[in-house]
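Chemist: Now for the letters of each chain:
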Amino acid sequence: GNSVTQMEGPVTLSEEAFLTINCTYTATGYPSLFWYVQYPGEGLQLLLKATKADDKGSNKGFEATYRKETTSFHLEKGSVQVSDSAVYFCALPFMNTGFQKLVFGTGTRLLVSP
Amino acid sequence: DAGVTQSPTHLIKTRGQQVTLRCSPKSGHDTVSWYQQALGQGPQFIFQYYEEEERQRGNFPDRFSGHQFPNYSSELNVNALLLGDSALYLCASSALAGQETQYFGPGTRLLVL
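So the protein lines, in turn, are chains X and U. Numbers -13 to 100, taken from the numbering used here, label the letters of the first sequence in order. Numbers 124 to 236, taken from the numbering used here, label the letters of the second sequence in order.
What the hints contain is simulated information worked out from the structure, not anything from laboratory work. Please note: incorrect hints may appear among the correct ones.
[Said to hold, decoys possible] Straight-line distance between alpha carbons at most 30 Å, and here's what the computed DSS-like set of lysine-lysine pairs gives:
{"no.": "1", "chain 1": "U", "residue 1": "K149", "chain 2": "X", "residue 2": "K42"}
{"no.": "2", "chain 1": "X", "residue 1": "K35", "chain 2": "X", "residue 2": "K54"}
{"no.": "3", "chain 1": "U", "residue 1": "K149", "chain 2": "U", "residue 2": "K136"}
{"no.": "4", "chain 1": "U", "residue 1": "K149", "chain 2": "X", "residue 2": "K35"}
{"no.": "5", "chain 1": "X", "residue 1": "K38", "chain 2": "X", "residue 2": "K54"}
{"no.": "6", "chain 1": "X", "residue 1": "K38", "chain 2": "X", "residue 2": "K63"}
{"no.": "7", "chain 1": "X", "residue 1": "K35", "chain 2": "X", "residue 2": "K63"}
{"no.": "8", "chain 1": "X", "residue 1": "K35", "chain 2": "X", "residue 2": "K46"}
{"no.": "9", "chain 1": "X", "residue 1": "K42", "chain 2": "X", "residue 2": "K54"}
{"no.": "10", "chain 1": "X", "residue 1": "K46", "chain 2": "U", "residue 2": "K149"}
{"no.": "11", "chain 1": "U", "residue 1": "K149", "chain 2": "X", "residue 2": "K38"}
{"no.": "12", "chain 1": "X", "residue 1": "K63", "chain 2": "X", "residue 2": "K46"}
Computed from a predicted model, the values in this text were never measured in an experiment.
Can you make the complete structure from the sequences, with help from the hints?
Modeler: Structural data, given as C-alpha cells:
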C-alpha cells in the first residue's frame, strides 16, 4: 500500500536559516501529495499540495516539488521564522473502494530559535 | 465561512466508560473522516462516512463506531475505553465523496484515566 517516510526530528534552526524536511513516498500511480502543519496544541492545517508530477506547491514561503523520479516531496523554506515552529507531516491519499484516506508520515518537529 | 468544527475540545474519562465526539464539516463538504493521533505520532485513519454510511475503515476495533447525519455532521463513539485510547481525535471533511482535499478540525483531546 501507499506509505510515506519522513526525516526524523527535531530539526533545530536559527531564525532566517534555510529549511529542508525530507519526504519520500511509495505509491501506486501518481497520487496527490500534501504537507500539513500542526502548531502546538492545535489540529492539522493544510500547508501545500501538488497534484501531479513536477508540480510545485507553495504557501507562506514554503515550497515542495513533486518528483516522481526520486519519489520525493521535500519541504523547503528559504528563511524560517520563530512562528514556523511546529510539526510538519507529509501525507498522500490511499484509494480504497472509490474513497480516499490519508496516509501520514511520523511528522518532523521544527524548532526555530531567535 | 466556518471551517471544520469539533466538540468538545478536551475530555477526561475513566477506563470502561463510553465517549462521543462530534464534528461539523466545512460548508459544502459531504464526507467526514476520523483520525486518531497518539502523542508524538502521525494521525491514523479510523473510518470515513459518506451519505450516512461507513465507506472504509482502518485497523481499529469494533469499540470504535460512528455515525453521519443528514446534515453531514458526524459522531465518533468509543466504548469500553482503554488507557491506550488517550489521544487527539481529528475530524477531516472533504467534498465530492471524499475525492477532494481533506481539511481538518482542531481536534478533541481525550484523556483516559
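Chemist: Next, verify each hint and record whether it holds.
Modeler: Cross-check of the supplied hints:
As the CA atoms of K149 of chain U and K42 of chain X are separated by approximately 26 Å, the hinted pair is consistent with the 30 Å bound. With a C-alpha separation of about 15 Å, the suggested pairing of K35 of chain X with K54 of chain X holds against the 30 Å cut-off. About 28 Å separates the Cα atoms of K149 of chain U and K136 of chain U, which keeps this hinted pair within 30 Å; it holds. Taking the CA atoms of K149 of chain U and K35 of chain X, the gap is near 19 Å; set against the 30 Å cutoff, the hint holds.
With a C-alpha separation of about 9 Å, the suggested pair K38 of chain X and K54 of chain X falls inside the 30 Å cut-off, and the hint holds. Between K38 of chain X and K63 of chain X, the direct Cα distance comes to roughly 21 Å. Compliance with the 30 Å bound is thereby established for this hinted pair. Between the alpha carbons of K35 of chain X and K63 of chain X the distance comes to roughly 15 Å, so the proposed pair stays at or under 30 Å and holds. The hinted pair formed by K35 of chain X and K46 of chain X meets the criterion: a straight-line CA distance of about 13 Å does not exceed 30 Å.
For the proposed pair K42 of chain X and K54 of chain X, the alpha carbon gap of about 12 Å is at most 30 Å, so the pair holds. The suggested pairing of K46 of chain X with K149 of chain U holds, with an alpha-carbon distance near 22 Å, which does not exceed 30 Å. This hinted pair checks out: K149 of chain U and K38 of chain X have alpha carbons roughly 25 Å apart, not beyond 30 Å. For the proposed pair K63 of chain X and K46 of chain X, the alpha carbon gap of about 9 Å is at most 30 Å, so the pair holds.
Consistency with the previously given hints is maintained throughout, with no hint failing.
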